[in-house]
Structures are given as C-alpha cells and as structure tokens.
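Q: Sequence:
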Amino acid sequence: KRDQRFCQLVELACRYRKPVRIGVNWGSLDQQLLARKLDENSVLPQPRDLAVVTREALVDSALDSAQLALAQGLSPDQIILSAKVSAVPDLVAVYRDLAARTNLALHLGLTEAGIGDKGIVSSTAALAILLQEGIGDTIRVSLTPEPGADRTHEVRIAQEILQGLGLRAFAPQVTACPGCGRTTSDTFQRLASEVQQHLRQHLSAWRKRYPGVETLSVAVMGCVVNGPGESRHADIGISLPGTGEKPVAPVYQDGEKTVTLRGDNLTAQFIALLDDYVRTRYGNTQAERKPERR
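Here our numbering is used: the first residue of the sequence shown is 442, the next is one more, and so on.
In case anyone wonders, no lab produced these hints; they're calculated from the structure. For clarity, every value in this text was computed on a predicted model and none was experimentally measured. Just so it is clear, CB atoms sit at the ideal spot from N, CA and C, and this is done for glycine as well. Just so you know, not all the hints are guaranteed correct.
[As the list claims (entries may be wrong)] Computed list of lysine-lysine pairs in DSSO-like fashion (alpha-carbon distance at most 27 Å, straight line):
| # | residue 1 | residue 2 |
| --- | --- | --- |
| 1 | K649 | K687 |
| 2 | K525 | K459 |
| 3 | K687 | K698 |
[Said to hold, decoys possible] Estimated spans, in silico, between C-beta atoms of each pair:
| # | residue 1 | residue 2 | range |
| --- | --- | --- | --- |
| 4 | T656 | P486 | 33 to 39 Å |
| 5 | V493 | T721 | 56 to 62 Å |
| 6 | Q487 | G589 | 19 to 25 Å |
| 7 | A541 | K687 | 21 to 27 Å |
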C-alpha cells in the first residue's frame with residue numbers, strides 16, 4: 442500500500458515535471474528492512490553495532506525508494522534524497538555513505554536538533570563537516586522554536602552556516618573582537634551592535650541599488666594591539682582605543698589607513714564613512730566603482 446501511494450505521487454511528478462524529495466527518517470524506518478539487516482548482521486563472524494546496521498538500513502531505504510522512482514519514469518534531476526537522523530555522527534556517516542553510492546542530489550539537515558544553542562550548534566557541526574567535504578546540494582536547519590518565535594530564524598542560521606564556510610554570501614558580515622583586559626569600555630560593543638543594525642536596516646534597499654553588497658566585510662576592533670591588522674583584512678574597519686591608548690580611532694579601507702576619527706560621536710562618523718564606502722564601491726555606474734581587491 443505504501444509503495445502504491447509512492448508510485449501515484451511519482452506518476453504525478455512525472456506528469457507535471459515536478460521535483461520530489463525522497464526522505465527516510467530513522468524514527469519511521471521500514472521495520473521489515475531493518476529486521477532483515479539485523480538478521481544478516483547476526484550471522485556475521487563479528488556482528489556490527491546496532492547503530493551501524495540502522496544507518497545502513499536508512500541508506501538502503503533511501504536508495505531503494507529512489508530506484509523505484511526512477512523505474513516509474515522520474516528523471517534523476519527531479520530527485521533529491523533526504524535521510525533524517527538526530528545525532529551528528531550518525532548524520533555525517535549516513536550522508537558520506539549516500540554520497541559514495543549515488544550521484545543524486547542530497548538534502549542535508551539534522552532532524553530534532555533541539556532548542557536554542559544546542560540545536561544551532563548541533564546543526565552547524567553536522568552541516569559544516571559535510572559541506573566542507575563537498576557533500577550536499579540543499580540544506581535546512583530544524584530547531585524547536587520558542588513559543589511564538591519566528592520560523593525564519595532557521596533560515597538565517599542556515600544562511601550563516603553557508604556564509605561562514607564561504608559558500609554563499611547573503612549579507613554583509615561584521616567582524617568584532619570579543620573584548621579583553623585592554624578594552625575597559627563598552628564602546629566597541631555598542632559600535633559593533635549599531636553597525637550590524639544599520640546594515641540589516643539597509644540591506645533590502647542596498648541589494649537592489651548596490652549589487653554585490655552582500656559580500657561586504659566590516660571590522661570593529663577594540664584596541665591597537667590586533668585592531669589595525671584585523672581591520673586591514675576587512676573591506677572597511679575601525680580600530681578603537683583601548684586601555685591607556687590615545688583617544689583616536691584609525692579607519693582602514695581596502696587595506697589602507699584612510700582617516701583617523703576623534704571625539705564622542707565615533708558611531709555616527711564611522712557609519713557615515715561606511716555608507717560612503719558602499720556607494721563608492723558598489724555603485725551602479727562604472728565611475729562610482731572601486732576596483733576589487735585581489
């Protein structure tokens with residue numbers, strides 16, 4: 442009966458040229474398949490661990506379903522495979538096996554990842570390993586939301602994972618120091634927060650007006666020990682004065698020191714420079730553009 446419903450769905454997908462995500466879940470794995478795999482395992486001279494057999498059954502189930510869909514006429518480019526497990530090592534092992542056994546597209550995601558930091562860290566750990574190995578074509582992040590929380594948080598986490606790995610660019614990135622004994626004020630914290638907020642507020646309009654602005658990197662550093670060097674690595678960066686340092690803040694653009702800011706309104710001054718940099722570098726006319734750094 443299950444195969445009959447599956448074939449009906451595949452028939453409709455073939456008729457209307459729609460893609461199909463074929464997903465298997467460790468919580469609803471075909472028990473007959475698993476029982477057979479366990480029986481085969483039990484007669485081995487050295488039986489394997491239950492987790493290993495379960496992962497193998499999960500992969501076999503996904504590939505068997507894909508073969509059934511292909512036999513029904515579904516094109517390989519209409520299929521994406523998904524295997525849902527909730528432990529990071531299991532997910533990595535399953536997708537490595539899938540990648541070794543098929544060229545079909547793979548959808549990555551840790552199911553039942555959990556709530557809050559735990560879910561974010563677990564999802565990031567699993568996806569980062571696989572993506573760095575070149576495994577995966579689409580991704581998702583599945584978090585247990587706080588009551589009333591916005592589901593788009595999952596999308597933002599997925600975007601941050603891809604951008605952090607250097608695979609895609611979705612929004613300008615702000616690099617900021619964590620603070621230490623040399624940073625006695627909260628100036629760098631407030632500046633980093635306000636710069637981040639400013640970028641978010643303007644991103645929608647900037648994307649339309651300034652193509653490529655999502656690749657912008659901004660640095661906000663709290664002292665002169667590492668600040669100047671780290672600021673030079675960003676497209677535009679500022680190095681704030683730390684403990685015992687002169688009350689000046691050098692600004693770097695494209696690796697070069699361009700100006701030194703002074704006074705109590707560093708945030709407004711730096712944001713004005715940031716806006717000017719965006720207009721100059723990402724402006725629509727060639728006259729406004731600066732050459733890309735190599």
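Q: Evaluate each hint against the coordinates.
A: For each hint, the structure was consulted:
1. K649 / K687: Distance of about 40 Å is beyond 27 Å: violated.
2. K525 / K459: 22 Å, holds
3. K687 / K698: 17 Å, holds
4. T656 / P486: 33 to 39 Å: Because 56 Å falls outside the window, the suggested range is violated.
5. V493 / T721: 56 to 62 Å: Holds, at about 57 Å.
6. Q487 / G589: 19 to 25 Å: Cβ of Q487 to Cβ of G589: about 52 Å, so the range 19 to 25 Å is violated.
7. A541 / K687: 21 to 27 Å: With Cβ atoms ~59 Å apart, the hint is violated.
Comparing the model with each earlier hint shows violations of hints 1, 4, 6, 7; every other hint is respected.
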